[in-house]
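Chemist: Residue numbers (the numbering used here), protein chains in the order written: chain A, 44 to 294; chain B, 263 to 316; chain C, 111 to 463.
These are computed hints drawn from the structure, not numbers from a lab. Keep in mind that this is a model prediction, so the values were computed, not measured. Fair warning: there could be bad hints in the mix.
[To be verified] Label pairs and their calculated CB-CB ranges:
1. B/Ser274 x C/Leu321: 53 to 61 Å
2. C/Pro325 x B/Tyr285: 42 to 50 Å
3. B/Asp292 x A/Lys53: 41 to 49 Å
[Claimed, not checked] Result set (DSS-like, lysine-lysine): computed pairs, CA atoms no more than 30 Å apart in a straight line:
4. A/Lys87 x C/Lys302
5. B/Lys312 x A/Lys226
6. A/Lys87 x B/Lys270
7. A/Lys229 x A/Lys53
8. C/Lys380 x C/Lys302
9. C/Lys296 x A/Lys87
10. C/Lys302 x C/Lys270
11. A/Lys229 x B/Lys270
12. C/Lys380 x A/Lys87
13. A/Lys236 x B/Lys312
14. B/Lys271 x B/Lys312
15. C/Lys384 x C/Lys341
16. B/Lys283 x A/Lys53
17. A/Lys87 x B/Lys271
18. B/Lys283 x A/Lys87
19. A/Lys46 x C/Lys312
20. A/Lys53 x C/Lys152
21. C/Lys118 x C/Lys152
22. C/Lys333 x C/Lys380
23. C/Lys270 x C/Lys341
24. B/Lys312 x C/Lys380
25. A/Lys236 x A/Lys87
26. C/Lys237 x C/Lys380
Even glycine gets a Cβ: it sits at the ideal position worked out from N, Cα and C.
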Amino acid sequence: MTKVLGERPKALLDVPLHYCPGCTHGIVHRLVAEVIDELGIEGKTVGVASVGCSVFTYNYFGCDMVQAPHGRAPAVATGVKRARPDNVVFTYQGDGDLAAIGMGETVHAAARGENIVAIFINNAIYGMTGGQMAPTTLPGMVTQTTPYGRDTSVAGNPIRVCELLSSVNGVALAERVTVDCVKNVKAAKRAIKKAFEYQMAGKGYCIIEVVSTCPTNWGMSAGDAIQWLRDNMLPYYPLGVYKDVGEEGKE
Amino acid sequence: MCVIACPKKILSLDHSVTNSKGYHPAHVTDAGACIGCGSCTIMCPDCAIKVEVD
Amino acid sequence: MAEKVLMKGNEAIAEAAIAAGCRHFFGYPITPQTEVAAYMSKRMPKIGGVYLQAESEVASINMVLGAGAAGVRVMTSTSSPGVSLMSEGISYVAGSDVPCLIVNVERGGPGLGGIQPSQSDYFQATKATGHGDFHMLVFAPSTVQETVDLISDAFDLGDKYRMPTMILSDGLLGQMMEPVVLPEQKEPVDNKDWAAKGHQGKRAHNVVNSLYIEPQVLEDLNKARFEKYKKIIETEQRAEEYLADDADIIIVAFGASSRIAHSAIDMARKQGIKAGLIRPITLWPFPEKIIKKHVDHAKVFLSVEMNMGQMVEDVKLTVESKKPVCFFGRTGGVVPTPKEVLAQIVKLNGGDY
Chain A
44 MTKVLGERPK ALLDVPLHYC PGCTHGIVHR LVAEVIDELG IEGKTVGVAS VGCSVFTYNY
104 FGCDMVQAPH GRAPAVATGV KRARPDNVVF TYQGDGDLAA IGMGETVHAA ARGENIVAIF
164 INNAIYGMTG GQMAPTTLPG MVTQTTPYGR DTSVAGNPIR VCELLSSVNG VALAERVTVD
224 CVKNVKAAKR AIKKAFEYQM AGKGYCIIEV VSTCPTNWGM SAGDAIQWLR DNMLPYYPLG
284 VYKDVGEEGK E
Chain B
263 MCVIACPKKI LSLDHSVTNS KGYHPAHVTD AGACIGCGSC TIMCPDCAIK VEVD
Chain C
111 MAEKVLMKGN EAIAEAAIAA GCRHFFGYPI TPQTEVAAYM SKRMPKIGGV YLQAESEVAS
171 INMVLGAGAA GVRVMTSTSS PGVSLMSEGI SYVAGSDVPC LIVNVERGGP GLGGIQPSQS
231 DYFQATKATG HGDFHMLVFA PSTVQETVDL ISDAFDLGDK YRMPTMILSD GLLGQMMEPV
291 VLPEQKEPVD NKDWAAKGHQ GKRAHNVVNS LYIEPQVLED LNKARFEKYK KIIETEQRAE
351 EYLADDADII IVAFGASSRI AHSAIDMARK QGIKAGLIRP ITLWPFPEKI IKKHVDHAKV
411 FLSVEMNMGQ MVEDVKLTVE SKKPVCFFGR TGGVVPTPKE VLAQIVKLNG GDY
């Protein structure tokens, strides 16, 4: 029996992606689509696209999609979910969208225990607009708007979103994963699947923070970016589960 | 990313080919050594690789 | 159902929306409309509807966008500074062709302004709601009963034309109590094929979006939307005429200031002055046709507003310089009195313009 590995999931439309070489968005899109396929929920899923490099996710995912203003995806998702509680609703957001302009919407959706899944792509930089500082840019990191390296006394400190949200009642799952190697990609997929399952069980707000690369704006090759992620991002943003109501036995 | 992920190191960028996007795509240098682990398919962001395993 | 109930304007807004089949309200408290939200918070759970107090007006309008995109009748209610916060969201709603109702119970501005009534959001509602080329259907009721009736129309027309609609009320109308006949209760209907509500494997996916990165595509979409607006301008203009047919002095006023003008006109007529009123009910589309009917016989137009002069510009455009157009206004929350407006009429009658 011939088994084929690497089939495109049905929930990921056969449309060429526009991402840069070495960008990890494509992997995460595929994982979300695979989870949607495996749970058989494409027909009742509504995705909310945000603003950033991933603005075109409405072209890539096969489920119904709504485009939100920058930062507002959690509020738009709330509107969809409250109107259609039987639908599975997820947002796909970058670090600027979720943690800068959208921080208010994020925290309040989490506090409301809004039954949505937020897929959070953290690559410590603003990709789409050409590489400016993000709320998660590391101290000393050079970006277009921190050309001498991020000076925390002037430009503030990076925000650890999973840690922040873990203190919020209403969060069912806050887990940080990455996709730098096969083992971590598989773990990321398990986390994403858990998040969607929690939504269907009505447990509350789930956020999966995916530590990601941006080779273009980090100014590196794809391979170097992966190494840089391991050497610099993971020590500051450790992988792990920051909140899981399932494990705590709480509902 | 597949190049890095392949445990048998049989993938590399083919500098003799330029695809329609202007990049050198990955290619298999020794198909016989492939163990069908699928690591490449797991790391590919574009669903560009399919591995048939008998 | 034909029974008259004494209701506060703000509460009537909530009841009328529910009667129109709206079961989703997202809002944030702000004076002078907080009663809408408070009333909704009590009523919605009892009828299986959704009331959610959002964390800000920004979040409110985005929740409205989400629910509207998912195909349900949805509304929010706020006051002037809140509409400013919703500016981005309304642009997205319009650009995504999603219907929804926004109620603005106007207060004094700009900035934090005051909490007393004003009409200083006319420009904001009709010309400058948000970035990009778009319009909202804007209704200006002048009584609580009219507010109730227009809300029903706003939902129907919003769905028909797939666009945001606004009820431009003011603090006076929101806080006053008047007898009202509530409309028949309509049940919510789920019939929007374009909505993002889950394709159930039966159709291609729906995308509710306002991003069109190819210039020609975006231009075509804008042009198509404006063809739709052209139809609306042709067919949906509304205004009330009062003693306008033989009037020398025609007052143009909407909402609360129209009621004051009405009293002033009665007083003027007693003095033998031929004054009349054209009361726009739709502010967009502006009721040009009705005003133009009276340009030939009128000697002068007077726009009476609770602002520094906003609708007067549209009156001037409509009159096309054929007759003089004057303005009288009070603002900051000050409400003009019929005597003040009468004084203006007398002045104009004396040829002082």
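Chemist: Now, for every hint given, state plainly whether the structure supports it.
Modeler: Hints versus structure:
1. B/Ser274 x C/Leu321: 53 to 61 Å: 38 Å, violated
2. C/Pro325 x B/Tyr285: 42 to 50 Å: 27 Å, violated
3. B/Asp292 x A/Lys53: 41 to 49 Å: Cβ of B/Asp292 to Cβ of A/Lys53: about 32 Å, so the range 41 to 49 Å is violated.
4. A/Lys87 x C/Lys302: 16 Å, holds
5. B/Lys312 x A/Lys226: Judged against 30 Å, a Cα distance of about 19 Å means the pair holds.
6. A/Lys87 x B/Lys270: Measuring from Cα to Cα gives roughly 41 Å; hence the hint is violated.
7. A/Lys229 x A/Lys53: 19 Å, holds
8. C/Lys380 x C/Lys302: 54 Å, violated
9. C/Lys296 x A/Lys87: 27 Å, holds
10. C/Lys302 x C/Lys270: 10 Å, holds
11. A/Lys229 x B/Lys270: 19 Å, holds
12. C/Lys380 x A/Lys87: Violated, at about 67 Å.
13. A/Lys236 x B/Lys312: 23 Å, holds
14. B/Lys271 x B/Lys312: Cα-Cα ~17 Å, so holds.
15. C/Lys384 x C/Lys341: Violated, at about 35 Å.
16. B/Lys283 x A/Lys53: 24 Å, holds
17. A/Lys87 x B/Lys271: Roughly 41 Å separates the two Cα atoms, so the pair is violated.
18. B/Lys283 x A/Lys87: Answer violated: B/Lys283 to A/Lys87 is near 35 Å, above 30 Å.
19. A/Lys46 x C/Lys312: 29 Å, holds
20. A/Lys53 x C/Lys152: Violated: A/Lys53 and C/Lys152 sit about 44 Å apart, past 30 Å.
21. C/Lys118 x C/Lys152: 15 Å, holds
22. C/Lys333 x C/Lys380: 50 Å, violated
23. C/Lys270 x C/Lys341: OK: C/Lys270 and C/Lys341 at ~12 Å, within 30 Å.
24. B/Lys312 x C/Lys380: Answer violated: B/Lys312 to C/Lys380 is near 90 Å, above 30 Å.
25. A/Lys236 x A/Lys87: 16 Å, holds
26. C/Lys237 x C/Lys380: 38 Å, violated
Checked against the numbered hints listed earlier, the structure breaks hints 1, 2, 3, 6, 8, 12, 15, 17, 18, 20, 22, 24 and 26; every other hint is satisfied.
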